[in-house]
Amino acid sequence: DQQVKQNSPSLSVQEGRISILNCDYTNSMFDYFLWYKKYPAEGPTFLISISSIKDKNEDGRFTVFLNKSAKHLSLHIVPSQPGDSAVYFCAFQGGSEKLVFGKGTKLTVNP
Amino acid sequence: KAGVTQTPRYLIKTRGQQVTLSCSPISGHRSVSWYQQTPGQGLQFLFEYFSETQRNKGNFPGRFSGRQFSNSRSEMNVSTLELGDSALYLCASSLGELAGVDTQYFGPGTRLTVL
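For the protein sequence lines, the chains are A and B, in the order given.
Residue numbers 1 to 111, in the numbering used here, belong to the letters of the first sequence in order.
Residue numbers 1001 to 1115, in the numbering used here, belong to the letters of the second sequence in order.
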C-alpha cells in the first residue's frame, strides 16, 4: 500500500504562470515534509521543507502548503521558469523509513 | 564544499554476480542512506548508516547489504544479482540529527544494469 501518492505524473505550464504540484499521504506519523527536484542523470536536489506544526513555508518563488486534516501537501512555483522543468518528488520524514518518496511529477515549463 | 560522490557511475553485471557500490558523503555528514530508483516503484529506501551502525532499514531482501566506515564513507553490496535489480542506486548524506528535519543531499547515482 502506498503511503504517498502523487496522482499527476505530468504537468505542463506556461512560463510566468503558477505551477502547482500535489501530494497525498496516509501516514499520520510523518513529521517533516520535503520537496525535491530531479534533472535527468542527476540525483534529487532538495528544494524546501515544512514541519507538521506549520501550514505554509516560503522560499523565494517556492511555497509549500500543508493541510494536515486532508493529509495533503502542495508546492507552488511562482512565476514558473523554463529552468524549473524537472521531475518533482514529495518526500516524508518520520516513519520507519528515512524518507518516503512519491513517484514524482514531471513538470514542463514552456517558454 | 564538495557534494556527495558515488562510484562507479555506470555498471553492467550478469545475473548471479555480486556488486559493490561506493559513496562518499559531504564532509561533516555522519549519516548515509541508500535508495533504489526504478520506473515502476519510484524511489525506495534501502537503509541508513550512522556512525558505522545501521540505523534504519527498508523492505528489501537480505541480498542487499551495506556498511559504513569510520570516515563516514559507505558501501552497498548486492549479492546474487537478479534482472529486477537493474536500477539507479542513489546515496544521500545528512547530518543525521534525530530532532528536526534531517535534510538529505543526494549524489548523482550509480546506474546498474543486470543482464
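Take these hints with a grain of salt, some might be off.
[Unchecked claim] Result set (BS3-like, lysine-lysine): computed pairs, CA atoms no more than 30 Å apart in a straight line: (1) A/LYS54 / B/LYS1013; (2) A/LYS106 / A/LYS56; (3) A/LYS56 / A/LYS38; (4) A/LYS38 / A/LYS5; (5) A/LYS56 / A/LYS103; (6) A/LYS54 / A/LYS106; (7) A/LYS68 / A/LYS5; (8) B/LYS1057 / A/LYS54; (9) B/LYS1013 / B/LYS1057; (10) A/LYS38 / A/LYS106; (11) A/LYS71 / A/LYS5; (12) A/LYS56 / A/LYS68; (13) A/LYS71 / B/LYS1057; (14) A/LYS38 / B/LYS1057; (15) A/LYS71 / A/LYS54; (16) B/LYS1013 / A/LYS68; (17) A/LYS106 / B/LYS1057; (18) A/LYS103 / A/LYS5; (19) A/LYS38 / A/LYS103; (20) A/LYS38 / A/LYS68; (21) A/LYS54 / A/LYS68; (22) A/LYS5 / A/LYS54; (23) B/LYS1013 / A/LYS71; (24) A/LYS106 / A/LYS71; (25) A/LYS38 / B/LYS1013; (26) B/LYS1013 / A/LYS56; (27) A/LYS5 / A/LYS106.
Keep in mind that the hints were calculated from the coordinates and are not lab data.
Results of checking the hints against the structure:
1. A/LYS54 / B/LYS1013: Not OK: A/LYS54 and B/LYS1013 at ~47 Å, beyond 30 Å, violated.
2. A/LYS106 / A/LYS56: OK: A/LYS106 and A/LYS56 at ~23 Å, within 30 Å.
3. A/LYS56 / A/LYS38: Satisfied, since the Cα-Cα distance of roughly 23 Å is no more than 30 Å.
4. A/LYS38 / A/LYS5: holds, 17 Å
5. A/LYS56 / A/LYS103: Roughly 23 Å separates the two Cα atoms, so the pair holds.
6. A/LYS54 / A/LYS106: holds, 27 Å
7. A/LYS68 / A/LYS5: Holds: A/LYS68 and A/LYS5 sit about 15 Å apart, inside 30 Å.
8. B/LYS1057 / A/LYS54: holds, 28 Å
9. B/LYS1013 / B/LYS1057: holds, 25 Å
10. A/LYS38 / A/LYS106: Holds, at about 9 Å.
11. A/LYS71 / A/LYS5: holds, 11 Å
12. A/LYS56 / A/LYS68: Holds. A/LYS56 to A/LYS68 sits at ~11 Å (cutoff 30 Å).
13. A/LYS71 / B/LYS1057: holds, 25 Å
14. A/LYS38 / B/LYS1057: holds, 24 Å
15. A/LYS71 / A/LYS54: Status holds; Cα separation ~13 Å.
16. B/LYS1013 / A/LYS68: Violated, at about 45 Å.
17. A/LYS106 / B/LYS1057: Since the Cα atoms of A/LYS106 and B/LYS1057 sit roughly 28 Å apart, the hinted pair holds (cutoff 30 Å).
18. A/LYS103 / A/LYS5: holds, 7 Å
19. A/LYS38 / A/LYS103: Between A/LYS38 and A/LYS103 the Cα gap is close to 12 Å, so the pair holds against 30 Å.
20. A/LYS38 / A/LYS68: holds, 26 Å
21. A/LYS54 / A/LYS68: holds, 9 Å
22. A/LYS5 / A/LYS54: With Cα atoms ~21 Å apart, A/LYS5 and A/LYS54 stay inside 30 Å; holds.
23. B/LYS1013 / A/LYS71: With Cα atoms ~42 Å apart, B/LYS1013 and A/LYS71 exceed 30 Å; violated.
24. A/LYS106 / A/LYS71: holds, 22 Å
25. A/LYS38 / B/LYS1013: holds, 26 Å
26. B/LYS1013 / A/LYS56: Since the Cα atoms of B/LYS1013 and A/LYS56 sit roughly 46 Å apart, the hinted pair is violated (cutoff 30 Å).
27. A/LYS5 / A/LYS106: Holds: A/LYS5 and A/LYS106 sit about 14 Å apart, inside 30 Å.
In this structure, the hints that do not hold are numbers 1, 16, 23 and 26, in rising order.
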